[in-house]
Each structure stands twice: as structure tokens, then as C-alpha cells.
Amino acid sequence: MQPEAYVAHHFPNLRQQEHAARLGMWLFLATEILLFAGLFTAYSVYRFLFSDAFKAASERLSAPLGTLNTVILITSSLTVALAHHWAHHGRGKAAAVSLLVTLLFAASFLVIKGFEWTHDFHEGLLPGRYYASTELTVTGAPMFFTVYFLMTGLHGLHVVVGMVVLSVIMVQCWLGRYDHGYVTPVELGGMYWHLVDLIWIFLYPLLYLI
Amino acid sequence: MATTTNSHSEHDRMEHARATRYWVVWVALLAGTVATFLLSRVHLPSPFNLLVALFIACTKSALVVLFFMHLWDHGGANRLVFATSIVFVTLLIGLVVLDNATRFTLTNPGRGPTLQMEPPGPDILTPRGPPEPATRPDVPPVAEPGRGAGIPAPEPAR
Amino acid sequence: MSQSLATTPPAPADVPAYNPRNYLNAEAGITSWLFTRDHKRIGLMFLVLTAVAFAIGGFFAMLIRLELLTPGPTIMSAMTYNRMFTLHGVVMIFLFMIPAIPSGFGNFFLPVMLGARDVAFPRINLLSLYLYVIGATIALYGMIHGGADTGWTFYTPYSTTTVTKVVPILLGAFVLGFSSILTGLNFIVTTHTLRAPGITWMRMPLFVWSIYATSIIQILATPVLGITLLLVAFEHAFGWGIFDPARGGDPILFQHMFWFYSHPAVYIMVLPAMAVMSEVVCASARKNIFGYKAVAFSSLGIAFVGFFTWGHHLFTSGQSTLDAGVFGVLSMFVGIFTAIKVFNWTATLYKGAVQFTTWFAYFCGFIFLLVFGGMTGIALATVSLDIHWQDTYFVVAHFHFIMVGVVIMAWLAAIHYWWPKVFGRLYSEGWGLVSAVLIILGFNATFIPQFLLGNAGMPRRYYSYPERFWALNVASTAGASLLAFGFIIILIYLLISLRYGKIAGPNPWGSRGYEWETLSPPPTENFLEDPVFTRGPHDYTEVPEGAEVKHAT
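Chains as they are written, first to last, in the working numbering: chain A, 1 to 210; chain B, 1 to 158; chain C, 1 to 553.
Heads up, a few of these hints could be off.
Partial selection, computed: residues in chain C whose CB lies under 8 Å from chain A [stated by the list, open to error]:
| no. | residue |
| --- | --- |
| 1 | PHE35 |
| 2 | VAL48 |
| 3 | ARG117 |
| 4 | THR193 |
Just so you know, these hints were derived from the structure itself, not from any lab.
Backbone N, C-alpha and C fix where the C-beta goes; we use that ideal spot for every residue, glycine too.
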């Protein structure tokens, strides 16, 4: 399909439309950043108030698994960036394979998260009024787990949404719909995925390491 | 119709960029991950552990934003949008934590040991230390950290 | 009249007084409206829906005022009264005040004023409309099942433990927030990328500047409200709580997060009102705006500085004294930018050739009430004064001065100023002026007693009050009845004008706004030919045809 066919009636040319799409996506990502900011605020307040309890509680999380998840997400960001690069150069099949690899990474991220959550469930480290651990009873520890589940839960939801978006784009890439004239969906889908990675880059040290 | 921007040159720059930059950034991100993991095992004193972790996280984020998300290539409004969101996140977190940090400590939630502290003096930012118990009849005796002694946890209404 | 267009304009005799092929009759059938991508149709639907929401919120207001007619119970129980003021707040703020001018008039006129054919993302615009309906439906469901009794501010820990139906209202507000975000996103991208040739940033209509500033607030602030309401809903429904004091939670954290949105939200309401007034003041004085750059940049100033002030809602809640002091000082800065606008509008009127129309009457009400509403806001921002006024009727009167006296006057002015452009017909000017007087008088009669009540110590959200407050409450209810009467008259003559109103022609007011360069009602693509603008947006150096008085510089 000729690139010009993608131009909507109210845009003068494709470049302008792409520029608008990119700006619109950045604005949407800004709203996502502010959405998570609320949870980061809660985290910051309670870490300040209950620093010892948070330290003890974060030691109950598995830092190796968290690190593995971080590596997985970072690599998935790489594969998405490569997919965009290849789609831009007209190599649709390579881009689709790269996106498939991204989806596999994303799925394994969720599987590992599932393991972590199940483990926490068995130890009674649950959010809010469901907290049932008998070993970790210092004031503020239940708050850590509430914030932990809320943050990783919201992040996980975004991972799922990202997977859906990338699956659709993967199919389109395989069918050869994108080339250097028109690659906007891949770019925008990729940006969303990078944001998911970005948020995890902050969640990882704050929840697992310090 | 609508005024065009200079996205032609941005587009051309992207056209000629190579994939190597992505691999380089990936290696840098992995290195940052390893670094932050190892540094956390060193158990730096607070607040340095937090500052170091945040510094590494910010550097990794900058790499993702600039190169994976192409903010290095695309100019102007996109950068402004991202920077503005970060400024306001900082504003929100900063002023809220400042509140809890400078409150009359008895009004902060859940702080067991602070129940013993005197209210702040004329200089609000340097509260005095715990006084002799005999001079503070309104402060209950030291309870274990957590809820005050003898106060049952209320059940939330359902 | 159309010499400003560089393309060949049609000769005046050829311009039809009523555009026969306009956006209203371009396609017929209900599906053509439900699936439209035309920003004008979407804007019109928003206008109708928000007007209905206004009626619902007004209905709750009348119930409140009726209840407050006597010190004890009048027509309802205490619990019902709590639900009434909660629903009045929720409906008025989330269903009316936030979307009315931006999603209604902004959608209709922002692309036209930029010479564009549509907003940047028409389908997202439609999605924004759908989200509005969905959010309203969810909230309505909650209302029908009794509604919440927490106040529209949903303070914890009461909102997380109340037995009333707070979760649907929270979820409805959450969805409405996304409608707001998408509208703001669309406007920002449209302003950046779809300006017609000749419209540089410094030649955009001032309406666009203020709507742009509003959109910035919508993007940055609304998500924080979203997550906050979601957290309350989670805590209420599942017990996953971060605000529960029994588990070390901080209820004031909720207030911080809530007001981080809700204070900028009042600027989401006020900036579009100011947007309208910047347009109206030039058209009524037939004079260039005094200080274009100052007015344009003060919009951005209000948007940004508005984010630094939220703690003034927490002065008596228990935040630290240092934070209270910081927020008290920062709150003063907003007054600077508002004052810049007030001075510039007044200077625009000075030595202007004023035409006293209905919408100018609303402008008069607006400017007077903005000054008093704004000054009482600055007074409330003084910590030592707020300690006495917090949670009294003084605060209620202050924000109603701004919300009704400023925003609703601007909304009415917008309706009357742009009615001929949107529908191609004129309304009855006599009845317009009569109802404007009724509204302004009724407004003052309703809310000035509330300043006095608050100063005398009557708390807000109280169901009963001591007998010494009886007379002022009766006065306030009487004023509210006048207000309601005024709105009903407006509704009647506007609806009549749709059928029987005089045909307006493209520019009945002789305004130099860009939107008046096209036909009334506009065609679907906004302009018959893609416009190129060679003059400034409020440029009255050329006297428009039909002006009685020569332009005064």
C-alpha cells in the first residue's frame, strides 16, 4: 500500500501525521508516568515512615528472581527496538520474529511474577487485611506488601496490555504491512513497551534491593 | 494546510541509524542492572543505598528513553512532554514526603519510638530528643514498636 | 468582510445567510451521529450531555437548598442529605464543569480557530465521548442505588469504610477522567501540528491558548486522580488498603494525592472560562486585545503554578506546618496570573466601542465575580485566616463564586456568543438580557449570604444549624430559586430559537475571530477552501461591516 494512502483527510502529509502520532503517544505515556507516580508517592511516604520495616520486608522478596525479571524486560526492550528497526527497513518477517521473542520474554516475566506471588501467598505476605505472616510483624511490613502488590499488579496489567498490542502488530509485520514509508504502529507499540520496561527499572531497586 | 515541521531531517537520521546502537545500549543496561544488584549486596548506609540505586535507575532510564524511544533523534515537543512529566512527579513526591518529614512527629502514622519525643522546638526542623519520662505525663510508657499497647486492631466496616 | 483570506473569497452576495450544506445535515440518521468523526458533531453532543448533567446537578442543588430552608429536618433525613451534597458535587464537577467548555466548545471551535479540518485524532475524540457516557452511566448506577455519602472529596478513612455505594461513583469518575485525558491529548497535538498557514504560535486565538493550557493540566493531573480513586475503590472493595490508619496508613496521603489533581482541576474549569472571555471581550469592545502575549502566557502560568498549590486544601488536616507555609506562599502566585488577565481584559474594554449584548452581560457578571471570588480565594490561602474559615460556608461561597459566577457565566456567554455560529440562528436578545440579569442577581442572592454564614461560623455539609443562621439560609434558598428560574427561561428561548430564530448569517456580531470567517452553520470540513490567515486573531484595525462606531485604538 502506498504510504500516501495512510494519510488522513485532515493531515497535509504523512510526515505531519507521524509527528502528530508520536507526540500523541508521548502525551499518553506522560499520563501513564503520572498514574504510576501516585503509587511511587505512597511507596516513598511509607518507606520514609517505616524504613526498617520496609528493609526487612524487601528481604523477603527474591532479589535473584527480581534481577532475572529485570534482565528479561531489558532484553525484551532490545527485541522491540530491533523489530522497529527492521520493520522500518522493510524486513517485516524479521520484525515479526523479533516481536515474537519479545512476547515470549513478556510471558516468562509474568510466569516468574506468578511464582513470586504464589510464594508470597504461601508465606502469608499478602496485601491489606489479608496479611497473615507470623514471622514478620513489625509495624509497616504489611504496608510494604500492600504497596508491592499494588505496584507490581498495575505493572503486570500493563505488561498484559502491551502483549496484546504487540501481538496485533506482530501479525501485521509478518503480513508485510510496514516499511520505511509507514511504520508508525510499530513505533508507537514499541514506545508503550519501553515505558513498561522503564517503570520496572524503577520498581526493581526500590522493591527488591534497598 | 497545516504547517509542517522539520521532521524530514529527523526521519532521515533515523533512516541511516544502525542497529548496533541498540545492542550497545542493551549491554549498558545489563551492566547497570548487575551494578545495582552488586551494590545492594554491599549494604551501603542509608541514604546512600537509595541514592545510588536511584542514580543507576535514572541512568538506565535515560538510555531507554533516549535511544530505544528515540528521544535522541526526535526533538522539541516530545522532549518537553517527557521532561515536564518527570518534573511534576518529582514535585508530587517531594512535597508529600516533605510533609511527613516535617510533621510534628506524633502525628505521623505508626511510629512507635516517636511517641516518646517532645514536640519540635522553635526551630521546627530539629526536634529535641526524648525527655525523661517523668516530665512528660501525657506520653504513655514505651510500648513495643507498632500499635500502642492494649489497643486492639479495629475491624474495617464491611 | 472576508478580505483576510488569501484564497479567493466569495463575494458577499454569494455567501448564503444560512449554509444549506452544513455539518448538521451532512449525513442523516442516528448512526451517522453515533459513529461520527466530525469534531463539531462530537462537540455538540458533549454540549447536550453536559447540559443534561448540569440539570441533574442543579436538581440536587435545589434539594439541598430546600433542606436548608429550616434548621431541622425539612424534606429528608441526615443520611440522605449527605448523599445529596455528595452527588451534587460529583455530578457538577465530573459530569459538567470539567468537560463542559473544553469538550463542548473546545471540540467545536479549536480546529476551526486553527484553520484545521478536524482535531488530530478524530476517532480518539469519539472515544472520549463514549468514555464520558460510560463513566456517567456507571456513576448514575451508583446514584440510583443510593449514592455515596462521603462528599465529592471521598476523604479516607470514611470513604474506605462507608456502607454506601461509593465504588460505582469512584469507578465512574475514573472512566470520566480518561475521557478528560483523551480530550486534552487531542487538543495539544492539534495545536502543535494542525495550525493553518499564517497561524504561528503568537497568532493563535487566545481561546486556543487557554484551552491548550487546560489540556496540559488534564494530561498531567488527571492520572493522579485516577490512581487515587482506584486505590480507594480497592481498599473499599478488597481491603487492599494504603490509607487505613490501623495498619500504619496515612489518611492525609489520600488528601495529598486527591488534591494534587483536584486543585489543578479547578483550573481545568476556570481556564476555558477565561478562554471564552478573551474571545468575548475583543468582540464586544471591537478592539484588539490589550497585551496579547501577557494573556497568552498567563494561561500557561496559571496551568503550571496551579500545580504547586494543592496543600492549601490541607491546612487544617494535619500536614506539617512547614508544608502549610510553603503551600500558602505558593498559592499566592496564582493570583498574579489571574490579575494579569483581569487587568488586560479591562484595558481592552477601555475606550472600546462596546456592544451590550447578552453575552457581554455575562462578561460583566464574570469579571465582577472573578475579582471577588478570586480575592476570597487569596484570603483563604492565608493559613491564619483559613484556620477559621476551613470547612465553613465561606469556602463554599468562594468556590461557588468561581464555579458558578465565573465558569457558568462563561459557559452561558459561550452559548450565546457562538449560538449563531453553531446553529445559524439568533435567539431573542430581549429575553437573553432579562435572563442574564436574573442569573446574575439570583447568583448574588444565593451566595453572598453564604459568605456571611461562613464568616459567622456555619460549617459546611451540616444538615441542621442553629436558629441564628436561619434568615441567611432562607435568603440563599430564595436566590437559588431565582437562579433556577433564570436557567429555565434560557432553556426555553434557546430551544425556540432553533426553530423560529432569525437567520444569523456568517458574522452577526462583526467579530474578527477566525471562526467567524466561515459559514454558519459551518460545513463539515469547516472552511470551503483551506484557509490561509494573513491577519492576527483579534485584529480590529479594519472596521468590520456593520460596526456602529469607528474602531478605537
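How the hints compare with the structure:
Because the closest C-beta pair between PHE35 of chain C and chain A is about 16 Å apart, greater than 8 Å, the hint is violated. Interface hint status for VAL48 of chain C: violated, as the beta-carbon distance to the closest one in chain A is roughly 24 Å, over 8 Å. With its C-beta approaching chain A no nearer than about 4 Å, ARG117 of chain C sits inside the 8 Å limit, and its interface hint holds. At about 4 Å, the closest approach between the beta carbon of THR193 of chain C and any beta carbon in chain A falls short of 8 Å, and the interface hint on this residue holds.
Comparing the model with each numbered hint stated earlier shows that hints 1, 2 do not hold.
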